[in-house]
Amino acid sequence: MKLLKFVLSGAALALSLAGAVAAQDKTKVGFVYVGPINDGGWNQHHHDSALEMKAHFGDKVELVYQESVPEGADAERVLTQMALGGAKLIFTTSFGYMDPTINVAKKFPNVKFEHATGYKTTDNVSVYSARFYEGRAIQGHIAGSMTKSNIIGYIASYPIPEVIRGINSAYLHAKRVNPDVQFKIIWLFSWFDPAKEADATTTLLEQGADVVLQHTDSTAPLATMAKAGKGIGFGQAADMAEYAPSPRVSSIIDLWAPYYIARTQAVMDGTWTSVNTWDGIKAGMVGIGEISSVVPADVKASAEAMKAAIAAGTYHPFTGPINKQDGSVWLKDGEVADDGTLAGMGFYIEGIVGDIPK
Amino acid sequence: MFQLETRPQTSKTWVVLTPILAVLATMIAGGALFAFLGKDPFQIIRMIFWDPLFGEFAFYYRGQLLTKAGPLILIAIGLSIGFRAGIWNIGAEGQYIMGAICGAAVGLAFYPAESIFIFPLMVIAGGLGGWAWAMIPALLKIRFGTNEILVSLMLVYVAESFLASASLGLLKNPEGHGFPGSRNLSQYASSANNELIAGTGIHWGVITAFLVVIMAYVFVSRHLLGFQIKVTGQAPRAAAFAGVIPSRIITFCLGVSGALAGLAGLFEVAGPAGQISIDFNSGYGFTAIIVAFLGRLNPIGILLAGLLMALTYIGGTVAEQAGLPAAAIQAFQGMLLFFLLAFDVLSNYRIRMTRKEAA
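Residue numbers (this note's numbering), protein chains in the order written: chain A, -19 to 338; chain B, 451 to 809.
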């Protein structure tokens, strides 16, 4: 009996040691998503990029993830569970995970954390985000050129700087090609709610909009326009090419995979340091989906020229003269917006009607 | 053939047995679901029910179990008192939100002053906030005879709008770079409701929950009002003859459940959640309804049910990180209520075998 116990415990020990060795070979990388991984937008694209990263490294990386994690107390628990489970690098892919990420990072100084769209960094917490407003400028340009009713609908999620920046950028560039253009903005207070997004699209179409831009993650707005047989829009976060060539005329695509690969590599090499990354079209973090055949050739050409200028760094979408909504000067002629103001943007530019919800 | 026959009296044995049967049936049906998803059902069930308690990281999970169960128990106890009287407060989620907003607002009003009186004041404000929100369906029911189920439920969406508005305006962190959300209350010493002993997961909310369980136990079994509530639920006409004033029962039941939900919200916002944010609420108010029924509306039962529910959440994350889809865990939790209600038939009816004569 004793012998059996001894043999068994020896075997158990050997097994656990083998497990430890195997775990050392692999770098465990964790991802936490705020919504379902099949939302067709933000979360799916993070997850697809994570899978791409995993495919790049193959057996050298073990991927763990959790979807639909509420922001707040649960996020902190999920992150702790991941760190306890041996993850060496954890990506938290929603703004609301900021404080939980910082709290958990404090308890696990040897685990690296990457928080998307936040602004708090520490020795083991980096932040990363993409300059989506560059893509919004191109959207605004196409939208302003193509609208016949001069009314452009905008489905906004939360009134945070990221979303406000997108509205300003789109409006600015729509107005530049079409001085009569008018924006109708509907706030949904949700990132992902297909039913509400569909309702908002219908409302905007009824109000005369013939272009609807979205800053929410589902394909519902495009599906609604396809069903109604009117209106055009853009893919959000994902290409949403299944609605091309119309109503989807182009898209903003989030390209996280190169970043995820680079950061995982850095952890493997032991060269990871805390950084604040805000990349756009130039670095390949923001992709512009193919401009479809329903867009006139000259509009397509000028949109692509704008994309090239942004990529080359010769054009910044927020270049003065630009006034704030109240008419006061924000940027003087030729002045370029600084990243600090952009990061915390809490005002509309001149010409947009309505207030930012409070 | 089977026939259902009404029992003259609710079976005491089955009342205790049905929750256990429901858990077992959930394990079997859930196991089948996991097997269809191509996972080893035994391994997943072990991850959900065993690992958080006795697994490698149990030292962390056990504390989290209490943190997660605390608000569930607190809210469920309040709901159960109303449910006994046939007063259906479905809007605890809204009262939870309003309690959190009111409590947080009091704490933030004092920022950055430090005083030991700030936290107790926040607790009072949290309770009052939840109570006041629950008074709306109570008064409407008394005055206009509205249905409290609908009113309290609809008020959840109103409360969510207040929450969004508070995160974006009134309570927004002035140093938050324009992002929504309040200052972090758990990082402000006077308002923080952090763990009292590190690693145990016990904060003031958990302690309050345990105290409320004891108080509720005494109340429902020893107090006259507790008896009146029970009678109102079982035989409203008899209660009326016995001199029970319905409006008093309605105000009391909704008030208590609202206040307890508000307290749960306050303890959560000042501790584990840390801040008022647009997505602060994460469904405790609704899950507590399941907990109340799973616990047979009995305080001790609710205590156990709250811990069990918390276990499925914590174990659920363990299983999800092993590759199980989140929806599978939600379905698993839903099955628990489904089976409970299904087996409930057995407490009120008995099954009789009847032989049908050939016609």
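Hints should not be assumed to be uniformly reliable.
The calculated label-pair distances, taken between Cβ atoms and stated as ranges, are [what the hints assert, rightly or not]:
| hint | chain 1 | residue 1 | chain 2 | residue 2 | range |
| --- | --- | --- | --- | --- | --- |
| 1 | B | Gly488 | A | Gly300 | 34 to 44 angstroms |
| 2 | A | Thr299 | B | Phe788 | 52 to 62 angstroms |
| 3 | A | Pro50 | B | Val795 | 42 to 52 angstroms |
| 4 | A | Lys207 | B | Glu564 | 22 to 32 angstroms |
| 5 | A | Asp179 | B | Phe788 | 29 to 39 angstroms |
| 6 | B | Glu625 | A | Lys86 | 35 to 45 angstroms |
| 7 | A | Ala242 | B | Leu590 | 52 to 62 angstroms |
| 8 | B | Phe612 | A | Lys304 | 36 to 46 angstroms |
| 9 | B | Leu474 | A | Leu64 | 28 to 38 angstroms |
| 10 | B | Val668 | A | Lys207 | 40 to 50 angstroms |
Please keep in mind that the hints were generated in silico from the structure rather than gathered at the bench.
Using N, Cα and C, we set each Cβ at its ideal position, and we do this for glycine too.
How the hints compare with the structure:
1. Gly488(B) to Gly300(A): 34 to 44 angstroms: Since Gly488(B) and Gly300(A) have Cβ atoms about 58 angstroms apart, the given range 34 to 44 angstroms is violated.
2. Thr299(A) to Phe788(B): 52 to 62 angstroms: holds, 59 angstroms
3. Pro50(A) to Val795(B): 42 to 52 angstroms: violated, 34 angstroms
4. Lys207(A) to Glu564(B): 22 to 32 angstroms: About 59 angstroms separates the Cβ atoms of Lys207(A) and Glu564(B), which means 22 to 32 angstroms is violated.
5. Asp179(A) to Phe788(B): 29 to 39 angstroms: This hint holds: roughly 31 angstroms between Cβ atoms.
6. Glu625(B) to Lys86(A): 35 to 45 angstroms: Given range 35 to 45 angstroms: violated, Cβ gap about 19 angstroms.
7. Ala242(A) to Leu590(B): 52 to 62 angstroms: Distance hint for Ala242(A), Leu590(B) holds at roughly 58 angstroms.
8. Phe612(B) to Lys304(A): 36 to 46 angstroms: violated, 29 angstroms
9. Leu474(B) to Leu64(A): 28 to 38 angstroms: Hint holds: Cβ distance 30 angstroms, inside 28 to 38 angstroms.
10. Val668(B) to Lys207(A): 40 to 50 angstroms: violated, 60 angstroms
In terms of the numbered hints stated before, the structure departs from hints 1, 3, 4, 6, 8 and 10, listed from lowest to highest.
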